[in-house]
Structure formats: C-alpha cells, structure tokens
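Take the sequences, apply the hints, and build the full model.
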Amino acid sequence: MNNSVTNTARLLGAGLRALLVLTLVTGVLYPLAVTGIAQGLFPGKANGSEVRADGQVVGSSLIGQQGYSLDYFQPRPANGLGENTANTQYKLILSGATNLSADNRKLVESVRAAKAEVVRENSTAGYRVKPDDVPADAVTSSGSGLDPDISPRYAALQVHRVAARNHLSVTEVRRLVDRHTEGRTLGFMGDPRVNVLALNIALRELVAKH
Amino acid sequence: MGPVLAGVLQLLALVAALALAYVPAGTYMARVYSSKRHLRVERWAYRAIGADPDTEMTWTAYLRGVLAFSAVGVLFLYLLMRLQGVLPGSLGFASVDPAQSFNTAVSFVTNTNWQSYYGEQTMGHVVQTAGLAVQNFLSAAVGMAVAVALVRGFARARTGDLGNFWADLVRGTVRILVPAAAIAAVVLVACGVIQNFSGIHEVGQFFNGHSTGGPQQWNGGAVASQEAIKELGTNGGGYFNANSAHPFENPTPFSNLFEIFLILLIPFSLTRTFGVLVGNVRQGHAILATMFTIWLGFVALMMWTEFAHHGPALQAAGGAMEGKEVRFGVGSSSVFAVSTTLTSTGAVDSFHSSFTGLGGGLTLLSMMLGEIAPGGTGSGLYGMLILAVIAVFVAGLMVGRTPEYLGKKIGAREMKLAACYILITPALVLVLTAASVALPTPPHSTLNPGAHGFSEILYAFTSAANNNGSAFAGLNANTDWFNTTTALAMLLGRFLPMVFVLALAGSLAGQRPVPVTAGTLRTEKPLFTGLLVGAVLIITGLTYFPALALGPLAEGLAS
Chain A
9 MNNSVTNTAR LLGAGLRALL VLTLVTGVLY PLAVTGIAQG LFPGKANGSE VRADGQVVGS
69 SLIGQQGYSL DYFQPRPANG LGENTANTQY KLILSGATNL SADNRKLVES VRAAKAEVVR
129 ENSTAGYRVK PDDVPADAVT SSGSGLDPDI SPRYAALQVH RVAARNHLSV TEVRRLVDRH
189 TEGRTLGFMG DPRVNVLALN IALRELVAKH
Chain B
4 MGPVLAGVLQ LLALVAALAL AYVPAGTYMA RVYSSKRHLR VERWAYRAIG ADPDTEMTWT
64 AYLRGVLAFS AVGVLFLYLL MRLQGVLPGS LGFASVDPAQ SFNTAVSFVT NTNWQSYYGE
124 QTMGHVVQTA GLAVQNFLSA AVGMAVAVAL VRGFARARTG DLGNFWADLV RGTVRILVPA
184 AAIAAVVLVA CGVIQNFSGI HEVGQFFNGH STGGPQQWNG GAVASQEAIK ELGTNGGGYF
244 NANSAHPFEN PTPFSNLFEI FLILLIPFSL TRTFGVLVGN VRQGHAILAT MFTIWLGFVA
304 LMMWTEFAHH GPALQAAGGA MEGKEVRFGV GSSSVFAVST TLTSTGAVDS FHSSFTGLGG
364 GLTLLSMMLG EIAPGGTGSG LYGMLILAVI AVFVAGLMVG RTPEYLGKKI GAREMKLAAC
424 YILITPALVL VLTAASVALP TPPHSTLNPG AHGFSEILYA FTSAANNNGS AFAGLNANTD
484 WFNTTTALAM LLGRFLPMVF VLALAGSLAG QRPVPVTAGT LRTEKPLFTG LLVGAVLIIT
544 GLTYFPALAL GPLAEGLAS
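Protein chains in written order, with the numbering used here: chain A, 9 to 218; chain B, 4 to 562.
Just so you know, the hints here were simulated from the structure itself, not pulled from any lab data. Check before you lean on any hint, since a few could be wrong.
Selected chain B positions facing chain A (in silico; Cβ < 8 Å) [as the list claims (entries may be wrong)]:
hint	residue
1	5
2	9
3	315
Here are a few chain A residues that sit away from chain B, every Cβ distance over 12 Å (derived from the structure) [to be verified]:
hint	residue
4	53
5	103
6	135
7	175
Coverage of chain B stretches by chain A, computed from C-beta distances (three or more under 8 Å per stretch; other residues unrestricted) [as the list claims (entries may be wrong)]:
hint	stretch
8	11–18
9	435–442
Nothing here was measured: the structure is a model prediction, and the numbers come from that model. Beta carbons are placed, not taken as given, at the ideal position from N, Cα and C, and that holds for glycine.
So this is what it looks like as structure tokens:
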C-alpha cells in the first residue's frame, strides 16, 4: 500500500516536471519565437491589418463594421454579434453566429424582413430591386458576425442607392465597386468579394472630390 | 466559373497537397519514433523529468505514464484559470469559475477543446498561451504516442514492451509538432492572422455624421501560434468565440484551405508511419484508402446538400449563407465542416447549427463514426486499427477461420478489448443525451425548438465523448449540468478507450507471429478496404440510427 502511494507520487512528480519543461518549450519559447518572426516580417498583419483614412486608424481591413448610414455601402447583417458579459470593464465585441437552424421560424422571419428592407432601401426612382435579385449574403448573418466582405452582387445592387444619395453618377459608383471587387484567389479559392470598409473609404474620398 | 466548380477545384488542390506531403511526413514520423538518437534538448528534458528514455515499458507502465501526465495537466490548467485574476499578463480578466475551469481544463487535456466560454472576454494572454496552447501540443503528442504504442504492439513479437512514454511524448512534441507549427504559424501571419501581446485597445471606427458606431475595442493575442497547433494537433479550441470563422484566425480563402490541410496532414500521414513501422507500407495504404473513401464521400454529400440549400430559411435567403463567411463561400466551408468533424478537431469556419438539416446531420454522423477518417492526431489511427481488428474478426466468422491481422491472432481477449473500445463512446453519448432530455432543466439550454433542439443536445455529447469540441452552438452549455456532464464524457471518452488500446497493444506484442498462408485474409488489398468501410458504416449506423432519426433526419426530411 505504502509502496504504491510512493510510486504514484513519484510518477505524478515526473508528470509535473515533464509538463513544466514542455510548457517552457511550447508555451514560452515557441510563441515568443513566432511573435518575433511575425513582428519582424509582417508587422502590419501581425498587429491586425489596421486601415488608415485621413491619417486616422478607422478599423481593420479584416473586421467588418456595423452602423454605416445609408449613404454608404451596407455590410451583411450580424445578428449573432454580442456584447461582453464577463470582465465588463471593457467594451468587447463578442464574435459569433446566430446558430439558428434552417427550419427556425425566427430565422425565416428575419431573412424575409431583411430581404424586404434591402428591396425597399435600394429601390430608387429609376431602379426597382426585385426580391430575386437579392443575394443570400445580404440577408444572412455570417459565422463571425465580423465578415468584412459582401458579394459583388450585393454591392452591385446598392450602386443606385449610393449614387443617388451622394449625387454621383451610377457609372462612377459602379466603377468604384469594380475596382474594389476581389476575384477568387488564383481563380478558384473562396468566393469573389468586396471589402466594405475599403469601398466606403474610397467612396468618401470620391464624394469629397466632387 | 461557378461556385460548385470552384468548390471541386479547391477540394482537388487540397487532395494534391496532402498527397505530396504523405510520404515525406509519414516516413519522417516513423523515423522520429524509431530513432535511437536523442537531441540535446531532449536529453535536458529527460534529465528534468528524471526518466531514462531507453527503458522499455509494458502496457501498464505506459498507461500509467499517460494517465499521470494527463492528470497533472488537468490540475495545472485548472489552477491557472482559477488564479487568472491574480496572474500578471492576464489583461485584468477575472478568475474563471470552478465548473467552467474544470470543464475547460478537461476539454483541452483530452484534445477535445469544447468551449463553454467566450475566448475574447474570458481568457487572458497567460492562460491562452502558457495553458491552453500548451495542451494543444501535449494532448496531440499523447494521442500520437498511444497510436505508436499500438503499432509497436503489431510490429513486435514475444515481448511485453511498447516503447517509452516519456520519449514518445517529448519526441512527438519537439521533433514533429513544434517545428511544423512554427512554419504553419508564420504562413498564417503572412495571410493576416494576428500575433502580438498587446492589451485590449481601442481602434477608431469609420465614422460619419449619421453613424451610431463608436470606437471598437480589440483583443491582441498570440493567435497565429495557437491557430497553427490548433489545426495541426486536431484540437480546435478557438482563440475567439467565432473560432476559425473569425477573420483574425482565418483571414483569407487561402488560409482557410491551408487550415484544412493542417487538420488532415498528420492523421492521414500517420497511416504511412504505421506502414513503415509494421514493415509493409501497403498495409498503411489500405488504412489510408479506407479513411480517404469515407472522407471524400462525406465531403461530396456535404457539398451536395449545402449547395442545394433545403430548409425554409435558406430557401427564403436563396443560399446556405447563414453562419458562413463570404470569403470562404459554401464550397470550402463544406470541406472544412466535414474535415473538422471526421477528425477530432472541432474548429469551425462556419456554424454547423445553421447548415441544412442533412448537412448538420452529416457533421454529427462524422463524429459518430468515432473520428477515424482520418481522425485525430494518433487517436484516428488507433481508432481505425481497432475497427480493422473488428473487420478481420467479422471476415474470419464468415469463412470460419481464426482471424489474424498483421500476423497476430485476434483471439477472445483481443476481441473483448476491441469491443469494449467501440462501446464506450456510444454508451456515453446515448445515456447522457437521454438523461439531459428526460430531466426537467437541461432542455432549457436549447436555442432552437423541435428536432433541432434535440440535435443540439445530441451534438454536445457526441462532440464531447468523441473529443471533437465543435457544437451546435446555440446550446447554452455554461450550466453546472452541461459543464459537469460534458467534462465527464470527455474524460471517459478519451482515457477509457486508451486503456483498451494499450491493453490490446500489450497483448499483441506478447504474441508470436503467425505465418502467412494461402488462407490468410490479405489486409493490404482493396477487398479489405471495402470490408472495413462497410464495417465502419454499419457499426455506426446500427448504433446511432434511432438518435439520428429523432434529430437531423427528422429536420432534414421535413424540409
């Protein structure tokens, strides 16, 4: 009995020492080395791909923002985003999805409502949006709630509204969208996309020039 | 080019990359686990541990090493979270409460990485980097060690020795996981994954006169270094709540494919390691073919159902984009979902709860197969070898011969151990799901009504007991009931199977090899691959069909 207790204690001691040594390697040396290389080679990316406009940081090219007025291109809905409930000394955005199922009536209703709103907001005097023109990304929330992109179809659908509200020509705005449309990486990876923040910064510059 | 064709091309590119890496990675790992040399850093580690790396261990000694090391790991991680509030470098985050700390500690040590917390508001730099990320490495290294011990059981004869646990643990970490993760982390940073130790800081927001937006607050963090091992070690615990859907974890279409590649690299390549160590690489090919067939079939089914987007909400939207990111699209999100659930990863780049009914069902079924196609780092190989033993036994019954596998007789003792192995997880999943549904309060945790609500609970226990870690994340799992029961499922679902694997390894290693005769079942041939695929699907189907019928099948067939 005493013998087996000693053996167990010895074994646990070996386990603890193994854990400490390997923590030094994988939990201290490894992350510090990677951080050193990352900060040396790709400082901009390692620190969050911040975007500047008029000399100020206005966000990250990777993180989608909510709250643009209708003068600007709208991002995807983000119904899964949350506010922090722990450590509330900070105002943290909690990334996340709605997790609503495909047969959940709440989701069906929110999709229908979003679609009706997209149709209503983007129809102008000379341009009527048909419900079938509205792409899926315009009426659904992304996985992170921070999707920085919209599909080129959703951007194209907003061109008339944006042009009208900013007193720009439709051709001008369309050209702006085309310039900010990114195709599939190497022609086949992912889906074509438009970065909303970059597009809106360019739009603001265009408006300022007029 | 349409999205479907692009999806197929991405799949082909992924397969090509895995095929290129297969032989070098598999052969390298075989060399690591059979090398007689010790690196200098390894010698230091052995001296600190106080272990002689050249001492052979019996299966019981090996198992004691695994259990002692894991027990210490759980305790250490638990204390780290409980003490977070007083540790420096924790962003001022408070200590994590006991039930959640226990659940999380168990979750990361068992390679599950089930998360009942929100990463960005709960875990500071020290816990993430020196606690959670460390177990990302070590739980994977333990899984590989146990798999290698089983392979040695097949490869060796008339000995009780299975190698040395401390040597396998240290080598797997130092020679395989750390270098591979370091390269992968730098690639991820080049794509845009963040890697810094800055605190929570305000960043301006694009602002205009009418906007309601204010400044945003962001976490910094050593994300790339953790993301790399999270995928490579089939762990899956996200730095942020949105996991690999978060742009700071997975910023581009390329990083997405690269992360899927990392998830699949070690599990597939270990079949080569197995082949080399048993002295016949074609035996490894048969196991690889089985894993690959199931994986490819599931990917095809998932792409079909997700592109078809059945389900009222998805039809109203005109596509299955709920819970998916534009930059990935439906195609590569489908590949990710299948790859993460057919391994023990559980990282997500899109949210399974909002998939089509059948798509969600496929992620569930993938885990229910036991995560063997290709499975977790190490656990995938030993899980598949157990099923190979069972397939050989079934074949033996059909022709009336004593079953053999790799020159070892599969007798009553071996079959009992294999049978125990495959019974543990279904028992945990079904009993705990039933209990949760029958009790009055646990069902209040579900987000969605009806069949999908049941699926959320079934998914939680399937994920926990199989050490996956993904979720139908609408379920509020941060309750005492779910924190405790999922922790129990993770512990028993990880370590009981290891007991049977190592016992089987010991029993096989002690046998003398049987000579190959004309009557021997040729386990390196396609016929055996077919038999094994059939065994996997039939055993899982018979076990889980009633539960699946109540959840995803009911939802999927209704829409």
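Hints, one by one, checked against the model:
| no. | hint | in the structure |
| --- | --- | --- |
| 1 | 5 | violated, 11 Å |
| 2 | 9 | holds, 5 Å |
| 3 | 315 | holds, 5 Å |
| 4 | 53 | violated, 5 Å |
| 5 | 103 | violated, 4 Å |
| 6 | 135 | holds, 20 Å |
| 7 | 175 | holds, 16 Å |
| 8 | 11–18 | holds (count 3) |
| 9 | 435–442 | violated (count 0) |
Of the numbered hints stated above, those contradicted by the structure are hints 1, 4, 5 and 9, listed in ascending order.
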